[in-house]
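The opening position of the first sequence corresponds to residue 2 in this note's numbering, with each subsequent residue numbered one higher.
Derived by calculation from the structure, the hints in this document are not laboratory data.
Don't be surprised by glycine CBs; every beta carbon is placed ideally from N, CA and C.
Check each hint, because a few of them may be wrong.
What the hints assert, rightly or not - Distance ranges between label pairs, derived from CB positions:
#1 D524 x G397: 39 to 49 angstroms
#2 R455 x K174: 56 to 66 angstroms
#3 P388 x D356: 19 to 29 angstroms
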Amino acid sequence: MNIFQEIQQQVQQAFPALFGSEVELNKITINETPKEFSGDITLVVFPLLKLTKKNPEESAKTIGEYLVANNKNVAEYNIIKGFLNLEIKNEYWVDYVVNGRQSTVDSRQKETILIEYSSPNTNKPLHLGHVRNNVLGFALAGIYKANGHEVIKANLINDRGIHICKSMLAWQKFGNGETPESTGLKGDKLVGKYYVEFDKHYKKQIEEIIVQGKTKEEAEKQAPLLLEAQEMLLKWEKGDAATIELWKTMNSWVYAGFDITYKNLGVDFDKFYYESDTYLLGKDIVEEGLQNNVFFKKEDGSVWIDLTADGLDQKIVLRADGTSVYITQDIGTADLKYKDFKMDQSFYVVGNEQDYHFKVLKLILQKLGKPYANGIQHFSYGMVDLPSGKMKSREGTVVDADDLIDDMIASAKEQTEALGKIDDFTEEEKTALFKTIGLGALKFFLLRVDPKKRILFDPKESIDLHGYTGPFVQYTYARTRSILRKSQDAEIKHQDLNAEYKLHPSELELIKVLYKYPIVLADSCREMNPAKLIDYAYEIAKTYNKFWHDCTILAAEREDEKNFRLLLTEQTGNIIKQSFAIVGIDVPERM
RNA sequence: GGACCUGUAGCUUAACUGGAUAGAGCAUCGCACUACGGAUGCGAAGGUUAGGGGUUCGACUCCCUUCAGGUUCACCA
């Protein structure tokens, strides 16, 4: 319980006695008071007027007087138009700091949640779009964990299919036996190189065929390279030993490459699913759906579902030859996940270009009456676009994940060394620090935007390290650590502090921000939005810096002042560290 | 063509889900420190919230409409 909820409930309980009618809790809107008005908490009375049967002023006055008389923490009130501003007693805030955090949020039931994210294809390296996915997925998992839920992080690796065969075929034809060892290339880069290579030759063949008088569509279907790739896929499906061998080898290169990128990004997984294991799943469920008349069979033998009543189209779920389509696999995998984990909710961190697909998937599972259907949620995020448009691996117009990470670390290094504050660091310490700062800047940059919105990334403009950024918050953390190191007393003397302590405005402002931490944490979970927590971390840093500027800490005039401010400093540092850790950003002791 | 998403200062963005004078950062201009970390703080300027209409005490937020951009509607994944 926190003071906002407390007052809200108190008003609800007193309402019948004050006004002679019941009121719903959500009608009582409680906000922070904007800075330009006096007070800490604001109750908006407009929505209550029909129930109070009085004008705004009188209604507010009645509630205000009731609270001052009956809530020991409310000092006074003022009314401006229909807004009742409540001032909380100094002691309440002081006590909050001195005796540790008390504000909590009455949370909903704890659940088991499976979060699938990352889910790469094994035919090319990761790019900036994947980085956004990984960073978002990891942060979302962290937020749910921090709110007490059980979280399983899953990665469904798309390790088979025609696109994989394209890389394999191109390597076979043009690779001259190259390996990561022989070339010094990272495994995923090497495989990606041949994916591009395939496309190059394929396009050439198409042109040649068009010259012979065929249409573009015909040419695309008839190009020998494509036919060969399709043949290879068939061989793979039949379990042809040589094909499987090549597939295993090249995938192992890719995994070695991914491991490095994942490690640099600091993301991890509890469970891996491989599409080569799951691509045949779902067929039995289609059969089940046919029995229940959820699906129907067309004359050619293909199986469909009619979703026109739900405003969507007809959707095929099984080809005439009995083979699966994408959604068949997803149905099967959803079922497998439930068998494995019996989760209450299942999130898919997947780009918004698949909005329609997931709408269909959920609807199908609902119509099949699956117990997990309602718990399925597509965590849909916007694409990362370049000024030139969409990133396309085949055309090489991508911002490579590893390159980007290297660039970020390099610019962190440059800026940090220019300031000359860490000349006594060992090389190892420096390397670690540059990584902390560089990745902090990158992750902050990707997380600060509402996930739903697309991000425009201009490679020519480097990601900022000043202002509303990760390093700004990290810097503030390092400041708090610096002060605490310098404070003579290893321990802060709580006994010097008492509720009579008179707060400086900047202290009060900081306390109110710290106080909100559990509320923000709960909000960012409820709204599934890591940006909330990022924005909050920035708010703490900014508020602390103002406090720092206005209030002398170590050289404070009185002992209780010094101790109180050290305590605030310590708590600020802790909350910055915690909130950043939740979304996967590190903080340095010095920078 | 149908469906969905987006549009806020020059740029990048926020606004507690309908609340007070739309809040930040970058860039621009001007201030502040012989102090504990200047990757700082304070201030100025910058807005018809794409346009129009509606709903009400009150609209960036909800409804209608127009415009602009994007995604999707594959027996690809």
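Hints, one by one, checked against the model:
no., hint, in the structure
1, D524 x G397: 39 to 49 angstroms, "holds (41 angstroms)"
2, R455 x K174: 56 to 66 angstroms, "violated (37 angstroms)"
3, P388 x D356: 19 to 29 angstroms, "holds (25 angstroms)"
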